[in-house]
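Go by the hints and put chain Z onto chain F.
Taken in order, these protein sequences are the chains called F and Z. With positions in the first sequence counted from 1, the corresponding number in our numbering is that position plus 350. With positions in the second sequence counted from 1, the corresponding number in our numbering is that position plus 60.
Calculated directly from the structure, the hints in this document are not laboratory data. Predicted, not measured: the structure shown is a model, and the values here were computed from it. Where hints are given, some of them may not hold.
Unchecked claim - Okay, the calculated beta carbon distance ranges per label pair: (1) F:Ser392 - Z:Ile163: 17 to 25 Å; (2) F:Met565 - Z:Ile213: 50 to 58 Å; (3) F:Pro499 - Z:Ile156: 38 to 46 Å; (4) F:Arg369 - Z:Asp262: 19 to 27 Å; (5) F:Lys477 - Z:Pro266: 46 to 54 Å; (6) F:Ile415 - Z:Ile251: 41 to 49 Å; (7) Z:Asp210 - F:Val652: 37 to 45 Å; (8) Z:Thr215 - F:His443: 23 to 31 Å; (9) Z:Val141 - F:Ser550: 24 to 32 Å.
Ideal Cβ placement from N, Cα and C applies to all residues, glycine included.
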Amino acid sequence: MKFSRNRSGGSDASTLTLRLWDFTGTAMLNLFMFLFFIAYLSPLPFMVIASLTPSNQFLDANAPILPSERVTFNYEGKDLIVYEIPTEKGIKHWALYKPSRQSSEFIDPTNPEAGPIQWKGSWRTLKAVYHFKPTLNNYKEFFAVTKLPLLLKNTMLIATISEIGVLLSSIAVAYGFSRFRIPGVRYIFFLLIATIMIPSNITLVPTYFLFSGHMLNWIGTWLPLIVPHFFGSAILIFLLRQNFKSIPRDLDEAAMLDGAGPLRILISVILPQSVPVVTTVALLHFFYIWNETRFASLYLGVAPNLQPISFGIQRSQSFFFTPEALMVGALVVMIVPVIVLFISQRFFMQDMIVTQIEK
Amino acid sequence: MAVSYQTREALHVKTPKLTRLQQEARIGLLFLSPWLIGFILFKALPILAAFVFALTDFQMRTPEATTFVGLKNYIRFFGDVDAGASLFASLSYFLITVPLEMIVALVLAAILTSERLKNKGMLRTLIFMTSIIPSTSIFFIFLGSLEYADRLIFTPLNLPPINGFGLLIPFMALWSIGPGFLIMYSAMESISKEIYEAARVDGAGPLARFIYITLPMISPAIFFTLVINLTGAFGGAVLLDRGYILSFSLSPMEGYINDMMFSQANLGYASALAWVTFAVMMTITVILFRSARRWVYFPEEESHEV
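Isolated chain F (complex conformation) (with noise of 0.2 Å):
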């Protein structure tokens, strides 16, 4: 570190200074991320708190934050509910018996027998009392509601199969880009890279064109989320030629001594040096697959039992439900994208290294 060096020689006090200077300063850089942190991270726990709060708790302006109940007497048969009032003697947790705009009656929770009690002022302004409470109403809601081992059935289907084929012809195509001397290939290269410029806001209209009954008559099906990912995907195929180009060529050689084709050197000589990248790039896929709507709203609107699971979800929020159980939808949907990168982090991380730069 800065100091290590002046830390060796110098006397005594000057080392203490330094030392009691650097891990001053560590700590307050470590304090200042932990904050940062916390701060940047603060809606994901919100999003869990409002998950389990009961649907009506907000409607009340003076409500806890955390997933409360308000709290009720059983008096004669009837849940009443219990408020907060300031009398004479300090404030009172008493229960709301006969409500009217002037004075009110209330009931006493400790001591019942002693019957209703006048209270003069409008019952309205008081606080309800809550007592922390939290609830899965909103999951059951949801569940309820929502198909979700279809949905998940569904984009487990679609990501697997297309990322066969992205795997298949990307790797394939990178391959080809970076191993062999072809005519004209850095025209080829530089179309690639153009092809992940262009909006798809401009290709939107004439692939729908084309998938729809007019030409292929794909709509309704995955084959318009599926088939064109068999054709590689220029931004992947970009990612894996940038790492393929980094591996030294004499390997390669080698197995061209040994008699080894073009396929057999890609298949036992790239592709096991290329194993962060080619999981790096099979998860960017993944995560692309299920958090796509765009696609899924055009071509399987019509088609509720094929749609994804993104999709599916987004489509139902707009219809029916309470902003808490859509929370509950939210973590859902988000949820199996943030466990994949968590278990993949050790691959996912590296290998973005060495693909980056030079166009």
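Chain Z only, in chain F's frame:
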């Protein structure tokens, strides 16, 4: 495969030079063929078609009824105040979000390269995590947390209520820094420590080292991040796709095009608008690439063997 050709010669394989090169090119093209076919089917032909559609009043339901209108759609854009306002709003939106994303990602990357920081692997994943959260979720996470921000911060401090959509833009920008952060972080990690050591011996402080060493050394990564942010902002392909919020678009221009496309079924005009957006984006990109020669440091030019 220059060497392979030598090795074959060394093995006395008798094949004429031209055929060998041709054969290599042929095998190479075979490997490229999936993308080439896909490019023609799903990119080149649709782009060509979009170009033609923009010159017509394309009718999706009854293609026979389509008539050729010439440049009318483009002329209409110049008279369309809404389209101009949307385009302007989109541009100003990128002017806010792209620099915000870049600066926050750069600062975080610089902090994370510090050796004093603990749990770096975890922090890196957490920064990245926010960028993979599906759009389906993110909108509701944001709206939900606004409610809490209101109760915890704004109401107790007697601040005016929050303008949700005003905050949504920086929020989305901050939660999309993942790929840019990772690219710049990796670039910083790959700078050799000796350069820093040499500068430190020469008396350069941390800030000077950051400005005179880190920034120039990672300028290709900064440039690459800028290009992918720009591409993503204008609706091109992105590294990490969080999908679409169907009922709502962050980019006003995109929203306007979608409205023309889906609500008004004005497909020819929508295509023309998409081309106008693309032209604006290409202009900015070309300017960026031109300027790159001045501020991006390329260690060695990539040699293209053709």
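Each hint tested on the structure:
Between Ser392 of chain F and Ile163 of chain Z the beta carbons are some 21 Å apart, a value that agrees with the proposed interval 17 to 25 Å. At about 55 Å, the CB distance of Met565 of chain F to Ile213 of chain Z agrees with the hint of 50 to 58 Å. Between Pro499 of chain F and Ile156 of chain Z the Cβ separation comes to about 42 Å, which falls inside the hinted range of 38 to 46 Å. Separation of Arg369 of chain F from Asp262 of chain Z is about 25 Å and conforms to the stated range, judged on CB atoms against 19 to 27 Å.
Under the hint 46 to 54 Å, the C-beta atoms of Lys477 of chain F and Pro266 of chain Z, about 53 Å apart, fit the expected range. At about 45 Å, the CB distance of Ile415 of chain F to Ile251 of chain Z agrees with the hint of 41 to 49 Å. Roughly 40 Å separates the CB atoms of Asp210 of chain Z and Val652 of chain F, a value that falls within the hinted 37 to 45 Å. Between Thr215 of chain Z and His443 of chain F the Cβ separation comes to about 24 Å, which falls inside the hinted range of 23 to 31 Å.
Hint check: Val141 of chain Z to Ser550 of chain F, Cβ distance near 26 Å, so the stated range 24 to 32 Å holds.
In this structure, every one of the numbered hints holds.
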